[in-house]
Each structure stands twice: as C-alpha cells, then as structure tokens.
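Engineer: Chains V and P supply the protein sequences, listed in that same order. With positions in the first sequence counted from 1, the corresponding number in my numbering is that position plus 392. So that you can map any letter, position 101 of the second sequence is 98 in my numbering, and since no number is skipped, the others follow by simple counting.
Hints may contain errors.
[As the list claims (entries may be wrong)] Examples of chain P residues toward chain V, derived with CB under 10 Å:
#1 V43
#2 R45
#3 T46
#4 A47
#5 Y69
#6 L72
Derived from the structure by calculation, the hints contain no laboratory data. Just so it is clear, CB atoms sit at the ideal spot from N, CA and C, and this is done for glycine as well.
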Amino acid sequence: MGEPALSGLYEVSRVVDAAFWLFAALAIGGAVMVVTVKDVFKAAVFLAGSFLALAAIYFLLQAEFIGVVQILVYVGAVSILIAFAVMIIADVPGGSRPARGRIAAATAAALMMAALAFTTYNTNWTDIGQITDEDAIAGLVGVYYEDTSTSPYADAQGGTIRAADETTKDARSGALIDSTGAIGTLLIREFVLPFEILGLLLAAALIGGLALMLNPRTEDK
Amino acid sequence: MLEDYFRQYGLLFLFAVIAVTVPVGMLALSYAASFVRIRPTRQTPVKRTAYEGGMPPFSPKPSRFNFRYYYYALLFVVFDVETVFLYPWAVRYGLLSKQFGIFALAAVMLFLAVVTLAYAYAWRKKALEWT
C-alpha cells in the first residue's frame, strides 16, 4: 500500500470498478433477456431492469441528473407506456410472433452501433479541469460572477452573490459536483426560451394524443 | 470529495440490498418451510384462482383493454417529463431567486401554465372520464 492519504481513494476506485462491471452485466443481461424471452410482459419487466442498471452506471459516472432522469422517465414512464401497450395489444400470454424484418432490424442496430463507436472514438475526452473559460466553468458549476463591474448579471444592489468556493475548485480539479444544480442554473439563466418552448412541446404531445384518441375513425365503440 | 460522492451512494446501495433481501428472503423462507411440512401445499381450484381484490375473476386470462387507457399513460409521461425540468430548478431555487428575483419563479410558472392548459383542454374534452 502507498501513502495512507491515497489508499482510501484507491479502495473507492476499486469498489467503483466492481460496481461498474456489475451494473454493465445487469444492463446487458437484461437487454438480452428482453429479446429472447417469449412473454411480452416479462420482456417489458426486463427492459425496466436494464434501464435501472443503466441509471446506476450514470450515477457511477457522476452524471447524477442524467441518472435521475433515466429513473424518472425510462424506468418510471417509458416502462409504464410499454406495459400499457402490452395490455392493449392482443394475445399477451401467447407471446410475440416470430419477428419479421430481422435483416432490417439488424442493419439498423449495426448502423447505430457504428455511429456510437465512431463518436466514442472521435470525442476528445477532455477533463473539465482543462476548461479554462471562466464563463463555461461558472455555467457548469453554477458559480456566480464575483466581479460586479463586468458581470452582466450583477444584482441591483451592487453586491455579489457568493457560491461555495469549493465548487469551483472541484470543477478545476476535474470533478463536476452537483450537476443537477448546474443544469437548474443554466435552465433559468441561459436557456429560458428553450425551456418555455419545451412546455409548448409537452402541451402539443398531450393535445396530439387527444386528437388521435377522439378521432372518430380510430374510436372503437 | 470524490470519495464522499461515492460514499453517499454506497449507503443507497446498502439500502437497496436490504430492500431486495427482505421480500426475497420471505419468499425463500416460505419455500423452505414447505420442505419441513410447516407450509402444506394442497391445491384446490379456489386457491388456484387469480386474486382480484376478493372478487371472483371475470375473465380467465389477461384480456384486451380499450386503447383509450393509453391516454392515461401518456398523461402520466408528460407529467413525468415536466417534473424532470422542475427538479433542477427547485434544487437551485434559493440562489436563483436571490439573483433573478421573481423572474426565476415566473419563468417556471409560465412553463407550468402552458402544460396545464393542455391538461385543462383534455379535461374539457372529457378525456379523463372512465367510461
């Protein structure tokens, strides 16, 4: 063992490695079960399990917000949508029919895989610690400008709003802490208009679904 | 700092392990009890029927549902996605309201109003009635 200060971190990284392999195996195993299991409903349950393992991997990558979204939207909502679809579509216990269009599906999957591999290979995995732009760091960690004379967001009293200095330090040392809060800040400070348009998009989804449902041609009894 | 991050999720992991162990352990214990004849397995037709809240089941196997119920799932998903955007805002609301004042609240209220309008429309069109 090396220095006592480092050994603690070393242990943590080993646990994190083990957890990564565990959750990766669960995610892939769940995905394999989804396509091999006969019962459509069981396949939906396995899909939810696979989503959950993926969320755990996001947490391991310190992408807390993405992890929470994965649980809220995929495990919570998309799985429910699929379960509803299974309930509505006929012949649940009979299982799914032998899949048609396998070649097309395999081609699409292979293309997707190639695109992901290409992106992974070509991305410059720069540490956030190497980002030197003050504005970018402030946006990412939600730290506000301390110099009121140059800040466009300085408050009316001329005072400064100080956030935890540790946050900046961590951002510089390579760890982005509190990604959720940073996204919240960006949502209000930089991306207010897209945020409002998102509301419109959600409203459109609701009204569009309603229009399909109330369509006399698709309505049964 | 990095260690603290994983330590807090270590606690969560421990919680998850306990949460899974308790029900699985109960089922395993019940199964183990059948070997030492504490839990007799005498099947009767009544025991084999599916439990539907105490009522006799009215269809023998999972049957089709009206596709209108899909809209409930859709409503739920939209609510869910709405929450996704409220959550990071709520985390930083204290700081944001200090910096932007009422604007931090108004921006989200406008977002909510637009989505709620769609809900009101669905309500008005009687899409939420169980018939």
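Engineer: Would the hint on P/R45 be counted as holding, given a Cβ-Cβ threshold of 10 Å to chain V?
Structural biologist: 16 Å, violated
Engineer: With a cut-off of 10 Å on the beta carbons, see whether P/T46 makes it to chain V.
Structural biologist: For P/T46, the interface hint is violated, since the closest Cβ of chain V sits about 16 Å away, which is over 10 Å.
Engineer: Verify the interface restraint on P/A47: the C-beta must sit less than 10 Å from at least one C-beta of chain V.
Structural biologist: 13 Å, violated
Engineer: Verify the interface restraint on P/Y69: the C-beta must sit less than 10 Å from at least one C-beta of chain V.
Structural biologist: 8 Å, holds
Engineer: Double-check P/V43 for me: the hint is only fine if its C-beta lies closer than 10 Å to a C-beta in chain V.
Structural biologist: Because about 22 Å separates P/V43 from the closest Cβ in chain V, which is outside the 10 Å limit, the hint is violated.
Engineer: Do the numbers back the hint for P/L72, that is, is its least Cβ distance to chain V under 10 Å?
Structural biologist: Interface hint status for P/L72: holds (7 Å vs cutoff 10 Å).
Of the hints listed earlier, those the structure fails to meet are numbers 1, 2, 3 and 4, in rising order.
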